[in-house]
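Chain L is already provided as a structure; the job is to place chain X on it using the hints.
Protein sequences appear in the order of chains L and X. Under numbering that gives the first Met the number 0, think of the first position of the first sequence as 0, with each following residue one higher. Under numbering that gives the first Met the number 0, think of the first position of the second sequence as 0, with each following residue one higher.
Since the hints were made in silico from the structure, they are not lab data. Cβ atoms here follow ideal geometry from the backbone N, Cα and C, with glycine treated the same way. Honestly, I wouldn't trust all of these hints.
To be verified - Using C-beta positions, here's what the derived DEER-type ranges look like:
id, chain 1, residue 1, chain 2, residue 2, range
1, X, P217, L, G113, 56 to 62 angstroms
2, X, L48, L, G43, 18 to 24 angstroms
3, L, D42, X, Y251, 24 to 30 angstroms
4, X, I156, L, A127, 24 to 30 angstroms
5, X, P34, L, E165, 22 to 28 angstroms
6, L, D42, X, I90, 51 to 57 angstroms
7, L, G113, X, Q52, 22 to 28 angstroms
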Amino acid sequence: MARMKFLCDADRCIECNACVTACKNEHEVPWGINRRRVVTLNDGKPGERSISMACMHCTDAPCAAVCPVNCFYTTADAVVLHSKDLCIGCGYCFYACPFGAPQYPKVGNFGSRGKMDKCTYCAGGPEADGSKEEYEKYGANRLAEGKLPLCAEMCSTKSLLAGDGEIIAQIYKERVMKRGYGSGAWGWKTAYRETIES
Amino acid sequence: MVSFARFVRAAVGACALLLLVVAAPAPVGAQQVNPTASSVKEQQLLQELNRIQGRVSIPDERSGVLEQPQGRQWREFHNVTLRWIGGIAIIGMLAVLVIFYLTRGMVRLESGRSGRTLVRFNIYERFVHWMTATCFIILAISGLNITFGRPLLLPLIGFENFSEWSLWAKYAHNYLSFPFTIGVVLILLMWIGGNIPNKVDVEWLKRGGGIVGHDHPPAYRFNAGQKAVYWIVVIGGGLVAASGYVLMFPFYTTGIEGMQMAQIVHSVVAVLFVAAMIAHIYIGTIGMEGAFEAMGTGEVDVNWAREHHSLWLDEQMARTGPNDGRPQPATAAAE
Chain L
0 MARMKFLCDA
10 DRCIECNACV
20 TACKNEHEVP
30 WGINRRRVVT
40 LNDGKPGERS
50 ISMACMHCTD
60 APCAAVCPVN
70 CFYTTADAVV
80 LHSKDLCIGC
90 GYCFYACPFG
100 APQYPKVGNF
110 GSRGKMDKCT
120 YCAGGPEADG
130 SKEEYEKYGA
140 NRLAEGKLPL
150 CAEMCSTKSL
160 LAGDGEIIAQ
170 IYKERVMKRG
180 YGSGAWGWKT
190 AYRETIES
Chain X
0 MVSFARFVRA
10 AVGACALLLL
20 VVAAPAPVGA
30 QQVNPTASSV
40 KEQQLLQELN
50 RIQGRVSIPD
60 ERSGVLEQPQ
70 GRQWREFHNV
80 TLRWIGGIAI
90 IGMLAVLVIF
100 YLTRGMVRLE
110 SGRSGRTLVR
120 FNIYERFVHW
130 MTATCFIILA
140 ISGLNITFGR
150 PLLLPLIGFE
160 NFSEWSLWAK
170 YAHNYLSFPF
180 TIGVVLILLM
190 WIGGNIPNKV
200 DVEWLKRGGG
210 IVGHDHPPAY
220 RFNAGQKAVY
230 WIVVIGGGLV
240 AASGYVLMFP
250 FYTTGIEGMQ
260 MAQIVHSVVA
270 VLFVAAMIAH
280 IYIGTIGMEG
290 AFEAMGTGEV
300 DVNWAREHHS
310 LWLDEQMART
320 GPNDGRPQPA
330 TAAAE
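With the rest of the complex left out, here is chain X:
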């Protein structure tokens, strides 16, 4: 019996050993499974969303964005496209104005000065205009410095000086955006009444507005050209302000992609805005005789009003009469 039991034990042992040998290849096979077959893949994730985002255990959840290669497209825009758009718009506008000035010269008052004046812009309107204008010029210079300063100004004044100037320019750019925005809102409200396009504008544009040629098409308080400036300021100013605040308050409204878009809108609108305002400054100063007074002293010569804003003059005459009964200036009285 003992030998039989030994035999059984040996047989069971042999079977178990056989089973083990047969079963052995299974774990070897399991080791050849590729763990990356089911894993996330970089190129696949990038193709799906053009960005890779996950979870981080640090408190800054924004750092969960692992990769966003579209910064390269934004770089191309900022370093190449924007410089071309800005350069063509601004240098092109200056070139057009210089050629225009050399061929046409200043638009003169054809009937001379009457010596009688009437109020065109009151003190409140002039204050709003100059507040917005002053802010705009500083914002424009500090903004152009960010885009064009590195290739144009940095080589001239050196790294330290350029950084110091750019830092102050950036502070000015950020803080002056607030009075500028207020100015744009006030301009929108105080002049919208005279700036709705109408039939007179069509006629004015057909006759070249008195800029091209020597015609004097009729106009109310604002002609079609001035209405264009108004809407450029209101719409352009609104866009640069809105996109600017997105950049100034990072992550309040958008992520990085939104900020790249905001910077594109901000900079393209801004350079076109600057080009348009160069034309506005030209026509308001050396481009037209008697125009600057409207925003300077606030009063324009009656003859200037008759030539450029005949319908507005008629309205004013019907209301108060010219000059509001003031004495005429001594120099003009001599004529």
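Just chain L, same shape as in the assembly:
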């Protein structure tokens, strides 16, 4: 089985936000929630870089570790998913997450935050693959159809890579070798405790 990861080649990202839009549309993500976003660092200054970020599907995921009701699970492809039926909306995953991935439909309402929502790596949830219930709660399950996450597939500059960690790391290494530079795999050290030496 593959070990699925995301890799954003920041030297290619042009902040077009196609990944953000593709994700919102594919999964019919509700208002106020963005499973993926593009953050621009040093905006307008020399050395500016944009990075597309969503749930990184961490190794030994902090969200899963702190969840009081143990609603997270890791698939055979190492994708970190959760059950909205079990989630109580306590907010702990959102304190623990290094990437700001978990979000709540009702942030600010003291009685309930609602069920947590985050990137599913286009792999749905615990319901039957491709079922109506799964689509309504988690969005499309592209992985079950043999497709990769739509954000990476839609990326206009192929900056965002999704797939098996070793394969996308190899693609990135080849790019760095060919063009002679690379600012590294953003978030990898935090998420996977490893990085791509280049």
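Positioned in the frame of chain L, the structure of chain X alone reads:
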């Protein structure tokens, strides 16, 4: 002339070609500039601030925080440190109380009951006490469930049942925080008069408070132990309430780091608070004869007051006399 013009044209062309060849290496050199030399670097940004923040074009500005690895430290606190602190505080307190009860037993009324009573807590004081106490017990159980439920209760009742129970426990925890906070404020205001530490407390503590040994050091309305409970409730209650509201209203006052800090304060104070209240419940029920009546019926036996709050009894006697002239209970009159 024509041939000369041709020669000039050829010479100019040759010069231009030569210039082009000489100038050509310059653009080749420019291509070797490394664009990442001046770019932002992840490890450098993390070392500077321990978080990376930028600009986003979506309306949710909070999502501009790209990375904040300190969630890992908070995770370590929540999953390991807090469970140790809570476990030691609560199980330790229970163990101490069980050992104490088995060796010392209930603190008896040494002079027996007089049958005459006097009012210790009026109906308003008892209402505030029990409102706060009821909220506290539900808040404590639902709070401990968040920290200890997953390892202890979830394996017993299964995922669905545990989630259902935890969801209701969370609602109770959020909504009951309001009457609890009001109770803490009222306790602060209504009993502060009797709870300022003074010299009598030093003497009381030196003589072991009548808990250790069989001494009965003098005390006003509240002895040093009760004053300690009062200040634990007021300060501890204030801290859990303030930190709790920070968590209940995310992003109103702080960002994620502030909420991690608030959760640490909230949970550490809460488990110590629970341990202290277990001791309070013990001494108010099976730990001391005649103590529960003070908060139950609101009236205590005069002999109980003489043994445990002699200076308070003197004050009350000087003001109204015992029993407020009420008839004595029939059972006591037979003695």
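Practice item. With 22 to 28 angstroms as the target window, see if X/P34 and L/E165 comply at their CB atoms. Key: holds, 27 angstroms
Review point. Is it true that the C-beta distance of X/L48 to L/G43 lies inside 18 to 24 angstroms, as the hint says?
Key: Taking Cβ atoms as reference, X/L48 and L/G43 lie about 19 angstroms apart, which means the hint holds.
Practice item. Take the C-beta atom of L/D42 and the C-beta atom of X/I90, compute their distance, and say whether it sits inside 51 to 57 angstroms. Key: holds, 53 angstroms
Review point. Regarding X/I156 and L/A127, is the given constraint of 24 to 30 angstroms on their beta-carbon distance met?
Key: holds, 25 angstroms
Exercise for review: Kindly confirm whether 24 to 30 angstroms is satisfied by the beta carbon distance between L/D42 and X/Y251.
Suggested key: Cβ of L/D42 to Cβ of X/Y251: about 27 angstroms, so the range 24 to 30 angstroms holds.
Review point. Do the Cβ positions of L/G113 and X/Q52 conform to the proposed distance bound of 22 to 28 angstroms?
Key: Hint holds: Cβ distance 26 angstroms, inside 22 to 28 angstroms.
Review point. Regarding X/P217 and L/G113, is the given constraint of 56 to 62 angstroms on their beta-carbon distance met?
Key: holds, 57 angstroms
The structure shown violates none of the earlier numbered hints.
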